[in-house]
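Asker: Could you put together the complete structure from these sequences and hints?
Chains as they are written, first to last, in this note's numbering: chain W, 853 to 1430; chain G, 33 to 162.
Bear in mind the hints are in silico, worked out from the structure with no lab data behind them.
Be careful, since some hints might not be right.
Which stretches of chain W does chain G cover? Using the computed rule of at least three CB atoms under 8 Å from a CB of chain G, they are [unchecked claim]:
id, stretch
1, 883–896
2, 899–913
3, 949–955
4, 1189–1200
5, 1272–1282
Taking lysine to aspartate or glutamate pairs in the EDC-like style, the calculated list, with each CA pair at most 20 Å apart, reads [as the list claims (entries may be wrong)]:
id, chain 1, residue 1, chain 2, residue 2
6, G, K119, W, D910
7, G, K119, G, E90
8, G, K37, W, E966
9, W, K946, G, E124
10, G, K82, W, E962
11, G, K34, W, E885
12, G, K34, W, E1089
13, W, K876, G, D151
14, G, K34, W, E966
15, G, K35, W, E1089
16, G, K35, W, D1105
17, W, K946, G, E159
18, W, K1168, G, D47
19, G, K142, W, E885
20, G, K34, W, E962
21, G, K37, W, E1089
22, G, K35, W, E978
23, W, K877, G, E148
24, W, K947, G, E159
25, G, K35, W, E966
26, G, K145, W, D886
27, G, K142, W, D886
28, G, K35, W, D910
29, G, K34, W, D1096
30, G, K37, W, D1063
31, G, K119, W, E978
32, G, K37, W, D1105
33, W, K1095, G, D41
34, W, K946, G, D162
35, G, K35, W, D965
36, G, K37, W, D965
The structure displayed is predicted, hence computed values, not measured ones.
A virtual CB, placed ideally from N, CA and C, is assigned to each residue, including glycine.
Residues per chain are reported as follows:
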Amino acid sequence: MHLLVCGGTGCKSQESDQLKEKLKKELSKQGLEDTVQVIMTGCFGFCEKGPIVKVMPDNTFYIQVKPEDAEDIVEEHVIKGRRVERLLYTDFNKKQLRIALRNCGVIDPEIIDEYIARDGYSALGEVLTNQSPEETIELMKASGLRGRGGAGFPAGLKWDFARKNEADQKYVVCNADEGDPGAFMDRSILEGDPHSVLEAMAIVGHCIGADMGYIYIRAEYPLAIARLKIAIAQAREYGLLGKDILGSGFNFDIDLKYGAGAFVCGEETALIHSMEGDRGEPTLKPPFPAESGYMGKPTNVNNVETLANVPVIILKGADWFSSIGTESSKGTKVFALAGKINNVGLIEVPMGTTLREVIFEIGGGIVNGKKFKAAQTGGPSGGCLTEKHLDTPIDYENLVANGSMMGSGGMIVMDEDDCMVSIARFYLDFTVEESCGKCAPCRIGNKRLHELLQRICEGKGEESDLVRLRNLGEVIKDTSLCGLGQSSPNPVLSTMENFPEEYQSHVVDKKCTSGVCTDLLEYFIVEENCIGCTACARACPVGCISGERKEPHLINPDTCIKCGACMEKCKFDAVILK
Amino acid sequence: MKKIKSLADLLRIRDEQLTGLQAREKGEVAEDLVQVKVAMATCGIASGAKETMEFMTEALEKRGVDAIVTKVGCMGYCYAEPTIEVKLPGSEPVVFGGVSKEKADEIIEKYIKGGELVDGIIPVNYETVD
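Answerer: Now the structure itself:
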């Protein structure tokens, strides 16, 4: 028998270490230390009800267990086999549901038979053998699957447009140009389950009448590329790609196109130009790719995660899929959880899960028990969600209504130590770097926006700058050519909306309350901590620290050059930055 | 590899896979062997999953444990890479995080050989569709 004690950060802060020791002590009192082991585990994702104890092999869950409960667990459960009712938890509902990631971490991605054993290619077989393209498209429409790349356009509708445009040649493109900082959902799917994407592309090909598909993938994803190549070769060998697939007369093949890693190439028109060998610059829509895409032919572009959902929907049906999620957003969404969060990782949750559940129940809470400040979704095109949004169900509409967006699924968590003006500047850094330069609002406007933020962070900002920031941001949004420019001011506008007091304190008081913008900070000596050892005064290169021996010292802010030497030398934490 | 010519053909291969007819290795059925899965996505490899995998494969062989070690994709526990899943015959799979060579050695000696769990278990916090 094993007793598993949660050793996640949340539970550890509630004495799970002491609980473990107490359990061991109780067991050895009964002479059971060799037959029953106490094991410390990682986070159960149940932090609000911690500490958690799980008894194996009978799978009993105990919650909010205190060290003093150890005796009861050992005497009642371990010895007498009776569950301790008052600690028992039966309503165990896992917050995550893996649909797009269903095979990641389960099958060997380089062995096609393992994919087939998990119903792989059965959806393609079903579509080719028993369904007309129209039926499949209707099924996708009814399922409510929307694009997972960011904008959330209904997938079935997109296929329908491409199908209705008559042409001698059509193409299917998989958008694997994942570019948001900190996002790795698509990479993980391609590395863990490449066949699901190949299968879905063939299904799209059958629906729209295309016999060729391309995966546009970044060259900086070498492992994903290697596994895709193996997968394509295996599928060809089995005849699941190529001519006359499964005896249906349908032909379909897939090839890879490599991207050089420009962010704008995630935009579908820019992606298509890059595939054609031209500069990766967007063009105005219409014409949409469904009318005139790759090589001027009707082209359907879907994101990796969107495609990974397709085979399951076909096998399990539209009703099953649409039963998961919210009114307008069906199914699940994969998020790459990063930033100041304990359980950094890849998660997949049903649409409608709240930010609180994601951060505190799955993510294990904020690092070092600090206070949650904001979560950035949608990467450099999105905005931040704050404490007041914690209980808002996450779906496409709610995120937009709250000034952010779904984006491709990056979620970066920030705590009280993060300065929101600096965060906005960080994302602007990225968009300025990644702007393709074709249209003026994005090329010049973002540069000016960045300069304004830089000035504010340096303490040279004025109140009128805040008005200019907002106006310029709105103009860039309204006049840019493509999605990159139209969304690039979002991080600025949303932080201004949610944290106006931080912008105010930067420009009016010239203070950065989070202590991030070094130009706005001053070194202080805390009187109570200073013992007057003179170490700081001796280290100061400009001699701005004064004070008698064994008396508290003082820093003259007018001559201080903020080198930090005093802080380094002080052994009593008396020098602080404020 | 033989071409799959129809849906019926495909389903037959799937069922063979499921009943383990083709998964025979060392004359035994996979279900009777120790199965070790190592999460080998970019993030896992960057944290040392390759070394863990090599060590597992070699050590199990040397120590005479009948086991299948396979690589799989991302399990999602970036904070606990390298991650492995161990399934002993007849029991539920267990996921371990932070599996260095030393940890792998401990897992082999204590859990795989003796059925005794060790620290570092990652509770699986998701459900997966079939």
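Asker: With reference to the structure, classify each hint as holding or not holding.
Answerer: Quick rundown of the hints versus the structure:
Counting residues of the stretch 883–896 of chain W whose C-beta sits closer than 8 Å to any C-beta of chain G gives 7, which meets the bar of three, so the coverage hint holds. Here's how the stretch 899–913 of chain W fares: 3 of its residues keep a CB closer than 8 Å to some CB of chain G, so the rule of at least three is met and the hint holds. For the stretch 949–955 of chain W, the stated coverage by chain G is satisfied: 6 residues place a CB nearer than 8 Å to a CB of that chain, which reaches the threshold of 3. Counting residues of the stretch 1189–1200 of chain W whose beta carbon lies closer than 8 Å to any beta carbon of chain G gives 7, which meets the minimum of three for the stated coverage.
Remark: the stretch 1272–1282 of chain W is not confirmed as covered by chain G, as 0 of its residues place a Cβ nearer than 8 Å to a Cβ of that chain, below the required three. Taking the CA atoms of K119 (chain G) and D910 (chain W), the gap is near 17 Å; set against the 20 Å cutoff, the hint holds. Pair hint K119 (chain G) plus E90 (chain G) holds up; C-alpha atoms about 18 Å apart against a cutoff of 20 Å. About 19 Å separates the Cα atoms of K37 (chain G) and E966 (chain W), which keeps this hinted pair within 20 Å; it holds.
With a C-alpha separation of about 17 Å, the suggested pairing of K946 (chain W) with E124 (chain G) holds against the 20 Å cut-off. Proximity of K82 (chain G) to E962 (chain W) is assessed by CA-CA distance (about 15 Å); at most 20 Å being required, the pair is judged to hold. Taking the CA atoms of K34 (chain G) and E885 (chain W), the gap is about 56 Å. The hint is violated against a cut of 20 Å. About 7 Å separates the Cα atoms of K34 (chain G) and E1089 (chain W), which keeps this hinted pair within 20 Å; it holds.
Annotation: proposed proximity of K876 (chain W) to D151 (chain G) holds, straight-line Cα distance about 14 Å (limit 20 Å). Proposed proximity of K34 (chain G) and E966 (chain W) is supported: the alpha carbons are some 16 Å apart, at most 20 Å. Proximity of K35 (chain G) to E1089 (chain W) is assessed by CA-CA distance (about 6 Å); at most 20 Å being required, the pair is judged to hold. As the CA atoms of K35 (chain G) and D1105 (chain W) are separated by approximately 15 Å, the hinted pair is consistent with the 20 Å bound.
Of the supplied pair hints, the one linking K946 (chain W) and E159 (chain G) holds, its CA atoms being roughly 7 Å apart against a limit of 20 Å. Annotation: proposed proximity of K1168 (chain W) to D47 (chain G) holds, straight-line Cα distance about 18 Å (limit 20 Å). About 15 Å separates the Cα atoms of K142 (chain G) and E885 (chain W), which keeps this hinted pair within 20 Å; it holds. A threshold of 20 Å between alpha carbons decides the hint, and for K34 (chain G) with E962 (chain W) the separation of about 17 Å falls inside it, so the pair holds.
Simply put, K37 (chain G) and E1089 (chain W) have alpha-carbon atoms about 12 Å apart, close enough for the 20 Å limit, and the pair holds. About 18 Å separates the Cα atoms of K35 (chain G) and E978 (chain W), which keeps this hinted pair within 20 Å; it holds. At most 20 Å may separate the alpha-carbon atoms for a hinted pair to count; K877 (chain W) and E148 (chain G) meet this at roughly 19 Å. At roughly 8 Å between alpha-carbon atoms, K947 (chain W) and E159 (chain G) fall within 20 Å of each other, so this suggested pair holds.
Restraint check: the Cα-Cα separation between K35 (chain G) and E966 (chain W) comes to about 16 Å, which is no more than 20 Å; the hinted pair holds. Straight-line distance between C-alpha atoms of K145 (chain G) and D886 (chain W) comes to about 16 Å, which keeps the hinted pair within the 20 Å bound. Restraint check for K142 (chain G) and D886 (chain W): satisfied, since their Cα atoms lie roughly 13 Å apart, inside the 20 Å limit. Between K35 (chain G) and D910 (chain W) the alpha-carbon distance is near 46 Å, which puts this suggested pair outside the 20 Å criterion.
Restraint check for K34 (chain G) and D1096 (chain W): satisfied, since their Cα atoms lie roughly 15 Å apart, inside the 20 Å limit. Note on K37 (chain G) and D1063 (chain W): the hinted pairing holds, with a Cα-Cα distance of about 18 Å set against a maximum of 20 Å. Note on K119 (chain G) and E978 (chain W): the hinted pairing is violated, with a Cα-Cα distance of about 33 Å set against a maximum of 20 Å. For the hint linking K37 (chain G) to D1105 (chain W), the alpha-carbon distance of about 16 Å falls within 20 Å, and the restraint holds.
For the proposed pair K1095 (chain W) and D41 (chain G), the alpha carbon gap of about 17 Å is at most 20 Å, so the pair holds. Only pairs whose Cα atoms come within 20 Å are accepted, and K946 (chain W) paired with D162 (chain G) is accepted, the gap being roughly 16 Å. Using a Cα cut-off of 20 Å, the hinted pair K35 (chain G) and D965 (chain W) holds, with the two alpha carbons roughly 13 Å apart. With a C-alpha separation of about 15 Å, the suggested pairing of K37 (chain G) with D965 (chain W) holds against the 20 Å cut-off.
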